[in-house]
Each structure stands twice: as structure tokens, then as C-alpha cells.
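Undergrad: Chain residues, written in single-letter form:
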Amino acid sequence: MIRVELRKLVSRPRTWVSIGLLCLLPVVVAVFLAVTGIAPRPGQGPTLLAAVLGNGALYPAAALGIVLPFFLPIAVAVQAGEAVAGEASTGTLRYLLVRPVGRTRLLAAKLVSVVAYTLLAVVAVAVVGYVTGISLLGNSGQLTTTTLSGTALTPTDLAWRTGVMVLSIGWSMVGLAAISLFLSTLTDSSLGAALGGLAALVSSTVLVTLDAAGSVRDYLPTRYWLAWVDLFRDPIPWHDLQVGALVQAGYVLVFLGAAWANFTTRDVTS
Amino acid sequence: MTDPSPDTPAVATRGLTKRFGRVTAVDGLDLLVRPGDRYGFLGPNGSGKTTTVRMLLGLVHATSGEAEVLGHPVPRQAAAALAQVGALVEGPAAYPHLSARANLRLLDAAGPRDVGDPLAAEVGSRRSRRRRIESVLEEVGLADVGRKPVRAYSLGMRQRLGLAAALLRGPRLLVLDEPTNGLDPRGIAEVRDLLLRLNEGGTTVFLSSHLLAEVELFCTRVGVLHRGRLVAQDDLDALRGPTGRTVVDVDDVEAAARALGVPPPDRRRTGEPAGRLVLEGSSVAEATSRLVRADVAVLEAAPERRTLEGSVLELTS
Amino acid sequence: MGTVVSRDARRRWAAVVAATGVLVGMLAAVPVLRSTVAVGAATTTPAEVRQRALASASVAYTAVGESRGGLALPDVGGFGDLATLLGGTTRTRIWWDGPRRWRVDTVDAAGERDTYGLATSTTTWDYGSRRLATVTGDPSVRLPRADDLVAPSAGRRLLSAVGPDDRLSALPPQRIDGRTTDGLRVVPASARSTLARADVWVDRETGLPLRVVVTARGGADALVSEVSGVRTGRPPADVLDPPSPPTARRSLDSAPDLVARVAQRSPWDLPDELAGLPASTQVLDGASTYGTGLTRVLVLPLPGRVAREVVGNATRAGSVEEELPGGSVVRIGSSLLNVELVRGEDRFHAYVVAGLVEPALLDEVATAPLASPPPFREDQ
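Residue numbers (the working numbering), protein chains in the order written: chain A, 1 to 270; chain B, 1001 to 1317; chain C, 2001 to 2380.
Keep in mind that the hints were calculated from the coordinates and are not lab data. Computed from a predicted model, the values in this text were never measured in an experiment. Glycine included, every Cβ here is placed at the ideal spot set by N, Cα and C. Some hints here could point you the wrong way.
[Said to hold, decoys possible] Where chain C lies over chain A, by a calculated footprint (3+ residues, C-beta under 8 Å):
#: 1; segment: 149-163
#: 2; segment: 218-229
#: 3; segment: 253-261
[Stated by the list, open to error] So these bits of chain B aren't anywhere near chain A, every CB distance computed over 12 Å:
#: 4; residue: A1094
#: 5; residue: R1131
#: 6; residue: E1214
#: 7; residue: R1290
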């Protein structure tokens, strides 16, 4: 079943169109930066963007910083919201279940497919970011990059830190995907599920900045979304990354559990 | 898992009931479909047919009552039952951007690889997938559709694809909900022939439809659903049995009535064609011999039979 | 009438709700359990606790810090990021090997500013401006930096300023960051101080002040600074060495900011007493503090040109220049810290007067040097 879901994922034009669009924005930004040579003022604009001029190897991280607040969550929420509700609205859900495919198995396969999509999207942005960064923004003649703390990063350092960043961002997206997947089992409308997931995201983003919500802030899903920036400090403060991963794990567990309880016992009337 | 004995009912339900909130969609259904039946599940739209079908397939969970499909309780052992069931529920559905073959490949691969007995495992093996898909496409008349995506299919072609999907794994029971929807008359005849052929090969067919004519032409056994209740379940011949009356067509009704000793029919009241007499309590042989003796020309004489339509209207009024 | 499935549904939902409950319960229980860990009663006097805190400068530790300021100061050009430092939240990472070898990073989502303290200099790496600035020596007067607000440093500074008249009392011990701390409360003696009280919680084991809460007379917490994740022990040496990024702009200076620069070059010899307040014993360059204990006023003479510029910046930021006997004044105030820019009628003598005291006291302090300008320093 997992193989079937993955084949469905790659055979669908929409998958590639959405990932393509996701990669387009960083490329456009890189082109503008390269042509004008005007970097955003430090402290303004997306994270790390100020540092990429003449330092193209850092662009994968900056590219993810560009798509992280908005585009990436939208793509993931739409994909996860579609997972069950999309099958329901095309009517293929009933044929899969009658095939028969166990409901738990179907849900697990859908989850794997959504996670695969998320990783694919994050890795695609990172790879496109690297290629455009190196070719458009240059490498400033040396092979080292500097961290936020001013220390030098060897290419190996940069590679593994970027790798961990990809995993960390991917994992935070899985938390959002779990929420959307749960909503997707509640409704037959993919759009509704995707918007529901995004509504949760926006609420969390608003509450994180609100001092009055300080007591729950550390448990909000987006609280540690920017923790990956810590990977480019020296020494790396792992605390936020670890806590962020745990918080996401909590959301994944609870919402997947709810999705499972709901989907395995509900009436399929679509 | 043991193979069910040959006379295990294909479908058996006891007091099957489904309520959606306060609305009772299906109320205390006792269905019995014997193996080898061509069962017509008849009822107007909204009578609860689709809900019943969905309960049999484990899609909708019953509020109370029990259902067994091929000897397996549903939904508890739905997987074991459904592995030997092909179904078409409320219209076909497929991924619109893929071709018929790609759709069938995905659906085939999605199912369980091994359902216990070696025969089913052979049927489900990956190696024979291509052959199986070609053979069902051939059977439903979609062999030469090529790589066109389902998006571009006509309603009839989609219906055929839905049938192909139901037949994919050589099911022992076919559950078909309005299978001839969107087909032209020739297509309908082809599908009927296909189902008859499969039935002769031992496949039980459960056909749910609101079309009396379709059921009457195809089925051997009929269940009639009305407002969620099963109002009749019997062999088709029993529902169409003789009424005990005799119909004679003659050229002179007045003379015939006199010869048989019955009052001449009031045509405005009965609506019968001119020259027809309906006789109570007398056989064809008796009536014809008396008419011949009275020198009345008999055009046709036969025992009166109920039509399925008549029975159904009678049951549901 | 329950069926198999609805029973099943109930069971599954129950499992999910129970798991969620356990998770949330665990999260809620941890702080409760932590706070119920028995806190041993204090066995030391407040004075002893203060001594232990003051002696903790040599305790090596690593921690993360957070300070939240509630002071609404206008952002006046020339005063650096004083307004954000005292009016916002600052997150820091601290590696402390002693007062002559430490590093404090100020971090936010967009970058960081790291200060490396060495025996004879401090070096600051600012990621945003890609600047590596080294300041030699330790100027006696300068603007506060983020590392000044780190709880152990701020706590020590506060406790060292406590005078014999200020009241020092004990607060019930508390658990902070899993450690037992003894609380100290400092209340200034003078009624003219804007400081209502300052509470410092000192780690019983190491003497490190872990939390500082400064409350203004208005009642609100003006400044809260604390450290968490404290690990004692020497930080790795390579962490404490300033980086040397190839593309950074470097600068070498003996004054880190405008205030320090002005103080170093000030040509005036300030009197030993102003408005009845004696000069503090500390030797400052061209500036002096007056008063005792926690009630102190800083007086910094400004060159006329600089004064013009700063007053211009302040009025642009919304402050108003008012009349004062012998000159004019711009008051930049908050509930706790008050700053006055004073200029004489000749526009030649000008001062910054600042302190945690009420503006009226600053006015009194400011009018004295306006009435009788100080002589030039003899060493100039």
C-alpha cells in the first residue's frame, strides 16, 4: 500500500508543480540579489538572507528561510488535507477500502506519502537553493562560510548542518501534516482540511508573539520553527532544536492518534 | 480460514438497521442471497439500497443487527470477506489523470497480496497482474482505450472501467449498484451478457437497481426495499406467478360473455383492450372449449400472470 | 443499544484521549513536582548570602539567560540600543570562565551579537553589520551592554552597590532551574529613589545570582533577568576566543560608545559634592557619580557640539526642551531610570545627569554646575 501511495504521489502532476513553485521563489529572490547586489539590511527580511551575497553556499538555508513562514506550510497542509478527503471526494476512497485495504494501513500509507512529499519539497528547495546560490551569488573565492557567530564553517560542517536543518524543518512540517491529516479524516473537503491546518498554524503564530499567552507559548506548534537558525551558530545550542522536535512529536502523536480513532470507526458515505 | 461450504449464503443479514441521527435509513433488514443467485435488490431512489450495500461492504457501520458476507461477519472480518468480493458502489471512481490501465494497476497493487488460500494468492500475485488487467479490460470492452487519461472518458466508459475494477480479482460475489448507468442499450446488453456468463461460471451477483426492467430481465431472485424495509424477498417466478385468472381475446365480446355466462365488461371501467375478457375461476382449457362450442372465435387465451411492476406497486403502495 | 463498532469507536477514542491526557498531564505535572521539591530553610544571614554572591565572580559556568525590561525609554540616537535593552526581551548565551575571560552572545532569530571579555579588552562580533570591534581597557563610564544584564553579573553589581543605609533582608528560599536559591531583598534608603526594591536569588551551592527582579516605585517589574540551564565548570577554551572572519570589518578603539568617549575626553574637574550629595569614591575619567548606596546620580559633562546633537536627537524622538534656572533641560524618563540633558544658557556647558532617582533630584543636581561651572582638570 505504501508503494502504491508513493507511486500515486510521483505520478501526480500537481506534486511536481507545487514543488516547482516552491523552488521558484528562492530562485527569483536570488536573481534579484545577484542582479542588484543589494542585500537586505541585517535584522530585516528573511533569516540569513543578509549573509548570502558572496556566500552562495549558505543559500540553501536562506532559501528554506524564505519559504518556511508561508509557502512550505501551505504546500504541506494542502497535501495532507488532500490525503483522505481527496480520495473521498473523487470516490476512490470507497474502492480502496472495498479492495480491501485496511483503514489503519491506508492511513499509515497516506502518512508516509505526506512525509515523503514534505521531505521531497524541503530537499528540493535546499538543492535548488544550492545550485542557484553557487551559480548566481558566487562563492567569494574561498571554500569556507561563516556562522552567525563569525566562526568558519568547512564544507563538511556546512553539509551536515544543512542536512540537520532539512530534517528539522521537515519534522516541524510533519507536525502540521498530522493536524491536517486528522482534519482530512473528518471532512470530505480537501480544501476545508487544508484551511483548517493553516488556521491552526496562523493561530499558533499569532499566539507565539503574544506575551499574554506566555504560559502556553512553549507548547505551541510553531514556537520552535525557527530553531534551525541555531544550527548556524557556534557552538550550536541544541536545546531549542531538541525541545522543538519533542513538541512536534507530541502533536504528531496526538493528532495521528485522533486521525486513526476517527478514520477507523467512521462511516464512509462519500 | 476455512473455505466456506458451498451452501453458505453469499449474503445473510439479520435485523440490519442503520440510523443517521434520527433518520432511520435501513430498518431491520433480513436479506438472504444464496450462492449462485442473480439477486435483484429493487427499490426507488432513497429507499436505503446504497446504505445497505455500503453496510455489506464494511463502509458504513450498522447501528444494530448483523451481516455476513460469504460466511464472514462484516465489518469484523470485512477483510476476509471483501477479498472475494467485487463491487461497484454509487458510480465508478478513478484517478482522472491516469489511464484505465494505470488505475487498475494501482488498485490491484493496493489490495492484500495473500488472503489465505493459495488460489486467491495466485490471483493476487504481482506477476500475473498485467495479464489480469488485460483480460478484464477485454471483458468489459475497454481493451483498446490506450493511454488516454480517465478524465477524457465518457460516462459509459467510466462505468465499464468500474466494472473492470470489480472483476479484477475474479470475485465469488459481485455487488453492483446501478451498473448500467450511463450505458447505451447495446452496452447494457453487453454488460448483461457478461454478468450472465460470470454467473454461469459460479459468481453470485447482487444487483441493486431502481430499474424494474433490468432486474426482471436478469435476476432469478428479487428483494424489494421500501422506505428502509424489505417488503418482499422471493424468486422472480414466484413474484410473477399466475394470478388464477384467465385472459381470453375474442372478436365478439358480447357473444363470448353470453357463452361463458359472465356480464359483458365495461370497457370504460377496466381499461382492457377491446375484445378481452378476464375470467375468474376458470382454466384456459375450460374457457376455450366453451367458447368454441358457442362458435365464438378465440384469438388468444392464456392464464393471467402478474408483472413484476404490478407486484412491486402492490407491495409498496 | 451498542454495536461492535460503536464500542470499538469509543474504545479507540478513549485510548487517544487517555494518551493525550497523560501527555498534557506530564507537562503540567513537571513544574508542580519541581516546586514541591523540599527547599531547605535558609541557614545563613542576608549579609552572608550577599558576600557569597559577591565572591561568585570567579565561578565558571555556562548558561542561557533572558532579561525582560519594562522601561519605556525613547530611542535616542547616540544612546545605542539602551532602549531595546531596558524595554524589551534579550536572550543571551553565557560562557563564564571568570571576570577576565568570558563570552556573552545576544541572540535573536535574525542573528547575534557576541561579546568576548578578555583581561585587557572586550571584542564584539556583530553578525548583522559583520563588524568585529575591539575595545581596549575597561572604561569606567559607558552605556550598559547586554552582558551587564546577565543575572549573575547584574546581581553582583546590584549587591555591590548596596550601601550601609540600604535595607537588606531575606526572602524565602526558592527553587530556580532545579537549584535551591536564597532570596535577598534590597530596599534603598532614600525616599527619592525610583527603585522600590530589588530581589536577588542566589544559588546556595555556587553563590551565583540566578534571578534578579527590579521593581520600580510604580509597582511593576521594571527588569527581570534570569539564567537557566546553568552548568558549572570551565567552558571549552576555543569557545572563548573571538572569531576572525575573513570578510569582517575590524575596528580598534578605547571607548565602546559615545558616553565612554565623552567621559574620556572631558576637560572638566567636577566638584566633590552636588546638591548635598557627596561624590562616590570611585575614580571616574571625566564623569562622576554622586550619592551613596543604591541612590546615585551620574553627572557627565558634554562638549557643546555633542550636546547639540544629542538634544536634537532627543527632541526628534519626541522629548521637549524645557526651561531650568540657568539653562534648559530635556527629560528622558521612565518609571525607573531618569536621564536629563542639561545645557547652560551659554550653550557651552552641558551635562548628562542620570540615575535611578526622581527627576526633581536630577534637576537639583543639574542646576548646581550650571550656576557655577567647574574648572578645567589639572591633568589636561
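Undergrad: Decide, hint by hint, whether the structure agrees.
TA: Here is how each hint holds up against the structure:
no. : hint    : result
1   : 149-163 : holds (count 4)
2   : 218-229 : holds (count 3)
3   : 253-261 : holds (count 6)
4   : A1094   : violated (7 Å)
5   : R1131   : holds (19 Å)
6   : E1214   : holds (22 Å)
7   : R1290   : holds (60 Å)
Taken one by one, the earlier hints fail for this structure only at number 4.
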